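4 protein chains.
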Amino acid sequence: MKKLNIGLVGYGFMARAHSNAYLSVGQFFELKYQPVLKAVAARDPAKVKQFAHKWGYESHYADWKQLVEDPAIDVVDIASPNDTHAEIAIAAAQAGKMILCEKPLARNLPEAKQMVEAVERAGVANMVWYNYRRVPAVTFAKQLIDEGRLGQIFHYRAKFLQDWTISKDLPQGGQALWRLDAAVAGSGVTGDLLAHCIDTALWLNGPIQKVTAMTETFIKERTHQQTGKVSPVKIDDASAFLARFQNGSLATFEATRYARGHKALYTFEINGENGSLFWDLHDLHRLQFFDYRDAGNLRGWRSIHVTDADHPYMKHWWVPGLQIGYEHTFVHQVADFLNGLAAGKIPGPSFSDALATERVVDAVLKSAQSEVWQNCDV
Amino acid sequence: MKKLNIGLVGYGFMARAHSNAYLSVGQFFELKYQPVLKAVAARDPAKVKQFAHKWGYESHYADWKQLVEDPAIDVVDIASPNDTHAEIAIAAAQAGKMILCEKPLARNLPEAKQMVEAVERAGVANMVWYNYRRVPAVTFAKQLIDEGRLGQIFHYRAKFLQDWTISKDLPQGGQALWRLDAAVAGSGVTGDLLAHCIDTALWLNGPIQKVTAMTETFIKERTHQQTGKVSPVKIDDASAFLARFQNGSLATFEATRYARGHKALYTFEINGENGSLFWDLHDLHRLQFFDYRDAGNLRGWRSIHVTDADHPYMKHWWVPGLQIGYEHTFVHQVADFLNGLAAGKIPGPSFSDALATERVVDAVLKSAQSEVWQNCDV
Amino acid sequence: MKKLNIGLVGYGFMARAHSNAYLSVGQFFELKYQPVLKAVAARDPAKVKQFAHKWGYESHYADWKQLVEDPAIDVVDIASPNDTHAEIAIAAAQAGKMILCEKPLARNLPEAKQMVEAVERAGVANMVWYNYRRVPAVTFAKQLIDEGRLGQIFHYRAKFLQDWTISKDLPQGGQALWRLDAAVAGSGVTGDLLAHCIDTALWLNGPIQKVTAMTETFIKERTHQQTGKVSPVKIDDASAFLARFQNGSLATFEATRYARGHKALYTFEINGENGSLFWDLHDLHRLQFFDYRDAGNLRGWRSIHVTDADHPYMKHWWVPGLQIGYEHTFVHQVADFLNGLAAGKIPGPSFSDALATERVVDAVLKSAQSEVWQNCDV
Amino acid sequence: MKKLNIGLVGYGFMARAHSNAYLSVGQFFELKYQPVLKAVAARDPAKVKQFAHKWGYESHYADWKQLVEDPAIDVVDIASPNDTHAEIAIAAAQAGKMILCEKPLARNLPEAKQMVEAVERAGVANMVWYNYRRVPAVTFAKQLIDEGRLGQIFHYRAKFLQDWTISKDLPQGGQALWRLDAAVAGSGVTGDLLAHCIDTALWLNGPIQKVTAMTETFIKERTHQQTGKVSPVKIDDASAFLARFQNGSLATFEATRYARGHKALYTFEINGENGSLFWDLHDLHRLQFFDYRDAGNLRGWRSIHVTDADHPYMKHWWVPGLQIGYEHTFVHQVADFLNGLAAGKIPGPSFSDALATERVVDAVLKSAQSEVWQNCDV
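From first to last, the protein sequence lines stand for chains A, B, C and D. Start counting the first sequence at 1; every next residue gets the next number (this note's numbering). Start counting the second sequence at 1; every next residue gets the next number (this note's numbering). Start counting the third sequence at 1; every next residue gets the next number (this note's numbering). Start counting the fourth sequence at 1; every next residue gets the next number (this note's numbering).
It is worth saying that the hints were derived from the structure and are not from the lab. These numbers come from a predicted model, not from an experiment. Among the clues, some could well be false.
It does not matter which identical chain is used: a pair holds within one copy or between any two.
[Unchecked claim] Each computed EDC-like pair below joins lysine to aspartate or glutamate, with the alpha-carbon atoms no more than 20 Å apart:
id	residue 1	residue 2
1	Lys49	Glu30
2	Lys168	Glu273
3	Lys65	Glu87
4	Lys263	Asp283
5	Lys54	Glu30
6	Lys210	Glu371
7	Lys142	Asp280
8	Lys220	Asp169
9	Lys263	Glu273
10	Lys366	Glu147
Assemble the whole structure, with the sequences as input and the hints as a guide.
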């Protein structure tokens with residue numbers, strides 16, 4: 001088994017999820033590559049040392065540039081805040097490293113374009129951690145659509161509802177809360193949450209032609225953690241848009257951090273001529289399926305407990321009826337990446353796929369500002 | 001259209017449900033008979049007058065015997081407490097009246113046997129108001145079983161959970177609370193709630209061979225409303241039993257009025273070789289169906305919204321998606337009774353069917369006392 | 001008890017629902033007025049006669065004008081297709097009749113304005129059958145909002161999904177299918193389904209300021225039943241819009257007849273600072289409630305089975321746990337109308353309330369055509 | 001951090017789950033002990049070598065006795081079939097090893113008693129892998145009960161439904177199918193599935209006094225994999241019992257492998273005077289809670305998504321809304337064991353706790369055979 005040396009940037013929530021995936025994947029999947037936790041880089045020397053120790057990274061750097069320059073590193077995994085993605089990715093591409101980048105790809109469209117140019121020019125393997133594609137129930141939805149079970153698609157609807165920023169007392173900036181700081185995050189829920197919805201939608205239902213959008217910032221000012229000053233909040237707290245897909249279907253999308261009672265309710269539904277699908281992150285191991293070809297009086301939404309050996313990824317885990325959780329999506333992505341590497345064909349979502357998502361994000365933000373429909377075409 | 005003169009005994013909850021059924025049925029079903037609210041009888045002259053006025057009964061009696069003797073009455077409908085069923089039914093049979101009797105048929109097995117003998121000797125049409133057979137989803141379950149969709153049956157489980165008598169302050173006896181007085185009710189939840197579960201089970205799954213049971217009275221003493229004295233409570237607050245059906249399947253049954261959080265949660269589930277069914281009174285318009293013959297990776301419990309025109313009874317009501325409620329089951333029973341009368345074949349459940357339920361009720365109560373398995377055979 | 005003579009126009013689905021309400025209300029509610037089924041009018045003499053007989057109307061007319069001129073009639077109830085509403089209502093107002101009109105009030109905004117002018121000039125009692133306000137769970141939602149339990153509202157989302165017109169073989173026009181004929185219906189799902197969603201939303205969440213919308217007609221041509229010719233379909237099969245409410249909340253609305261698997265899935269959700277509510281017509285007897293003031297680790301969406309005596313309207317029906325159905329909403333509306341009449345204060349929704357809904361419908365249709373945000377202000 | 005050397009016996013499903021727990025626990029919990037995968041033992045030399053390699057065990061044995069005798073081993077973890085538990089555990093106790101044993105503790109009560117005697121005589125730390133106690137939602141249920149939120153308990157009901165042995169073609173014996181061979185498994189679903197239900201019940205609701213039970217073997221003969229002969233099946237395919245707890249509550253228990261449509265549906269519900277709880281393994285991250293102390297008209301079952309930092313174990317994982325899965329229960333058990341070791345107090349379930357479960361299992365099997373109530377007292 002070949003070793004593949006991973007160099008991780010970041011030590012936050014996502015850095016943990018990725019590290020766990022590298023550590024676990026070999027016990028559950030048959031692979032030709034073995035990921036090695038070679039090095040981790042992050043700004044705070046004490047914290048990065050502690051993280052390296054906890055997860056078993058062989059070494060650690062306080063500057064990501066050292067990691068990128070380290071010849072031992074095969075893959076640079078970017079799990080740091082959004083404002084660092086472009087610079088690190090471009091440097092890593094220039095250094096000839098493979099790159100796995102957290103989503104969203106970048107803070108904005110221009111950054112995203114530069115990143116795609118960089119990896120394409122360098123010809124390096126690249127992938128973006130839109131992990132929800134690899135929830136078994138979501139992958140299964142893709143399979144059912146590709147088999148033509150839904151027929152002509154009429155409707156797509158997705159939402160991602162949270163409620164964790166309703167308090168006026170939350171600062172903007174700082175650990176976890178950098179998502180409220182537009183300078184770091186790029187945008188609010190549009191880039192953070194809708195980007196997930198858009199990635200899945202483009203994958204399942206093809207390109208989006210145009211959108212009309214609306215955004216809102218409910219809490220207009222928050223203390224900035226770095227400056228200590230009360231400053232205008234520049235991210236969007238809520239964002240919704242209508243869309244038309246190239247396949248003729250209509251869509252509604254919505255994300256917010258002000259939907260009391262929902263922690264991370266990402267749901268999507270697709271209605272086709274012959275069937276419909278519904279999925280919900282809060283019970284991620286289930287797929288709801290309506291099949292119009294069932295006998296008329298027996299039609300009903302089926303709640304499929306996606307835990308059988310013939311469901312995507314599930315033969316690698318336990319036995320039917322025993323559900324997996326959130327972090328398994330990252331394990332699946334690593335498995336697919338390593339298998340793709342062995343097969344010479346890296347699976348999506350690539351940087352280029354993520355750029356398509358950025359185009360929609362950009363159109364949404366522009367439409368919300370201009371109050372005019374925006375095209376998402378290149 | 002022929003007139004059919006109804007004589008109702010009682011003015012409580014069930015008297016309202018029956019009266020509503022007689023009034024509504026003609027607008028929703030095509031019938032050869034038109035029920036006429038001819039007379040109502042009950043002990044309290046003022047209240048029975050008021051009830052007659054409210055529901056449009058042409059006349060009223062303070063003594064049910066007058067009603068039974070009234071030659072204008074075609075059908076005697078017994079909606080009074082359990083301790084009156086046997087005497088009224090036997091008198092009505094002797095008077096040659098058709099009889100519709102509320103459930104349970106009687107307070108105990110000997111009474112029930114006498115009632116069956118009376119109607120059979122008199123040769124009068126008879127039926128018992130086990131109304132849940134005529135919830136469209138339950139009737140549909142029967143249809144699916146009769147079509148052989150489940151194959152060999154392995155398991156049956158039913159429960160009827162309520163929580164309305166947990167307070168120690170409730171008296172026994174009096175309006176609505178006669179259900180806590182063993183002299184009036186016969187038994188507690190076994191005759192009141194389990195009787196429903198048993199009726200459905202015998203209908204759907206055939207005869208029960210034997211049972212082992214357990215009952216409990218949580219509140220040992222309550223003030224008796226008539227005497228004003230604190231007296232021992234002699235009804236069962238909770239009752240559960242295991243059963244073996246003649247078809248080889250195993251069953252669990254349970255009823256209680258001490259299941260906090262459940263108002264009237266009557267549920268049943270049947271597991272067969274090829275499929276399973278589940279139903280729940282709290283959402284009575286849905287039937288859950290699992291079909292093993294679906295493709296393996298697409299199997300899941302289907303939630304069938306039983307509101308289509310090709311579902312039992314539903315073409316008579318509104319349009320797909322618009323649910324009906326509790327009282328419609330009584331309308332369906334009246335419609336079936338009237339259609340059966342026109343066709344010369346009265347549908348079940350007959351007094352004789354209800355006697356089979358009483359045999360199981362009796363076996364359950366005996367087993368709970370003796371702590372020995374009891375046979376339910378004749 | 002005073003008699004109130006009802007004159008009904010129409011004999012379709014809604015005419016049945018209204019007639020049933022007039023017949024049932026007196027048995028379940030204590031009222032000062034007794035509705036009398038005085039006359040019914042509709043074009044087809046044979047059918048109107050049959051309808052009158054079935055429901056017990058004392059007389060029938062083949063021309064609604066005769067009914068409006070009949071001095072015995074107190075209330076004109078308009079249950080005929082949309083293209084007749086304005087003419088009948090204006091004539092009835094001029095004749096000094098009280099008016100109950102099916103929704104939507106009219107085919108378009110100009111008609112609706114004339115109707116409001118007519119009833120206001122005549123000073124006659126008026127009400128529109130937006131019946132879903134009187135589902136107990138929906139009325140209860142209104143009560144909870146008015147009690148301030150949700151706090152500041154951030155989000156409103158509603159959808160009404162059906163799937164009954166997906167087949168290309170359905171004609172436009174004719175019994176039931178007049179909803180596909182723009183000349184009769186005015187619009188498609190916007191006026192038919194979204195109008196319900198908008199009425200509820202305005203009631204629960206106040207005025208809408210502006211909208212951006214999108215509509216689609218998936219099947220472009222259908223045979224017209226009257227002409228027999230294949231003609232362009234001019235109604236909207238699907239409609240969605242984003243909205244901003246005056247209270248600062250954001251909303252998404254969607255309706256379609258192309259959502260495979262949904263028969264009449266009208267749902268709404270409201271997210272406030274302190275709580276959220278969700279309701280679903282497919283299980284109309286339940287209200288989902290999230291209360292942020294519950295202890296932190298015990299927070300969860302509560303599924304309230306709205307069947308207790310202290311829930312709106314429910315003390316008039318059965319006992320806790322026994323659900324009611326669709327048609328009860330009409331009974332409630334009649335009860336409220338009659339009680340309002342006795343009290344000298346007719347409850348909403350009035351023609352004027354329904355006009356506010358028409359303004360939003362109009363703005364949605366205009367925005368869909370112009371692709372520009374539209375204001376809904378007067 | 002002190003090292004703790006693990007010696008695992010077995011390489012099947014449970015051996016994987018345990019190994020994963022040892023590998024993962026250190027990354028998610030702060031611990032004073034670090035488990036080291038020192039050795040694994042199992043009969044097949046090739047397979048045990050492969051397993052050791054996959055999971056990173058330092059060494060491997062083809063005979064568990066060598067592992068037990070290995071002085072480097074601190075903890076013997078028994079993950080082999082039931083017929084090996086007693087012999088290994090007794091030898092390990094005599095060798096002074098700590099012992100973690102898969103459930104059920106033994107094939108029968110006499111074996112279980114000997115095992116408890118052995119560990120108590122040796123004074124070695126011991127624990128049994130009844131992992132479902134450590135599903136966060138289940139641990140949370142225990143916490144709510146211990147806080148007195150339910151008040152006096154009236155009812156307990158549990159079931160564990162599967163459908164994987166319905167086919168007549170399955171052999172008895174062999175990999176995974178040793179559960180059908182009574183000589184290896186001891187019993188069928190009573191020891192395999194009901195044992196889980198009983199362990200949880202005793203933990204949440206205290207001791208069981210007595211039971212009446214019923215078992216069935218639906219497929220009477222199956223080919224035995226070792227002999228190749230069609231032989232009588234001696235395990236129970238289905239088992240159900242009624243029970244009385246010492247606290248006065250009544251219970252129903254049921255397990256089967258013939259409930260079509262259920263993969264691993266372990267559910268329990270507890271009804272108390274002031275509240276009720278419900279949990280379901282198929283959606284293990286949710287706890288349903290009904291609180292009678294909520295305002296009357298607002299009462300409803302709350303669906304608590306047990307993923308917040310203030311829910312048991314969850315602060316160690318991801319963020320609110322992101323669910324964990326089955327294998328995390330083993331990680332939790334290892335964390336608790338290691339923390340208990342550091343604190344000098346090993347948490348349950350101990351061998352002694354598991355013996356209490358065996359007493360109930362034994363009473364159930366005896367009652368099913370004798371058709372007589374059986375006491376479960378010591």
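Quick rundown of the hints versus the structure:
In this assembly of identical chains, Lys49 and Glu30 lie within 20 Å of each other by CA distance solely across copies; the values are 16 Å between and 31 Å within a copy. Only between protomers do Lys168 and Glu273 lie at most 20 Å apart by alpha-carbon distance; the minimum there is 11 Å, versus 45 Å within a single protomer. Taking the closest pair of Cα atoms, Lys65 and Glu87 come within 20 Å of each other only inside a single copy of the chain (10 Å); across copies the shortest separation is 58 Å, beyond that limit. Taking the shortest Cα distances, Lys263 and Asp283 sit within 20 Å of each other both inside one copy (12 Å) and across copies (16 Å).
Taking the closest pair of Cα atoms, Lys54 and Glu30 come within 20 Å of each other only across two copies (10 Å); inside a single copy the shortest separation is 26 Å, beyond that limit. Taking the shortest alpha-carbon separations for Lys210 and Glu371, both the intra-copy value of 13 Å and the inter-copy value of 11 Å come in at or below 20 Å. When the C-alpha separation of Lys142 and Asp280 is checked against a cutoff of 20 Å, the pair qualifies only within one copy, where the shortest distance is 15 Å, while the shortest distance between copies is 28 Å. Taking the closest pair of Cα atoms, Lys220 and Asp169 come within 20 Å of each other only inside a single copy of the chain (12 Å); across copies the shortest separation is 53 Å, beyond that limit.
Taking identical chains as interchangeable, the C-alpha atoms of Lys263 and Glu273 lie at most 20 Å apart only when they sit on different chains, with a minimum of 14 Å there against 32 Å within one chain. Taking identical chains as interchangeable, the C-alpha atoms of Lys366 and Glu147 are never at most 20 Å apart, the minima being 36 Å within one chain and 39 Å between chains.
When the structure is compared with the earlier hints, a violation turns up for hint 10 alone.
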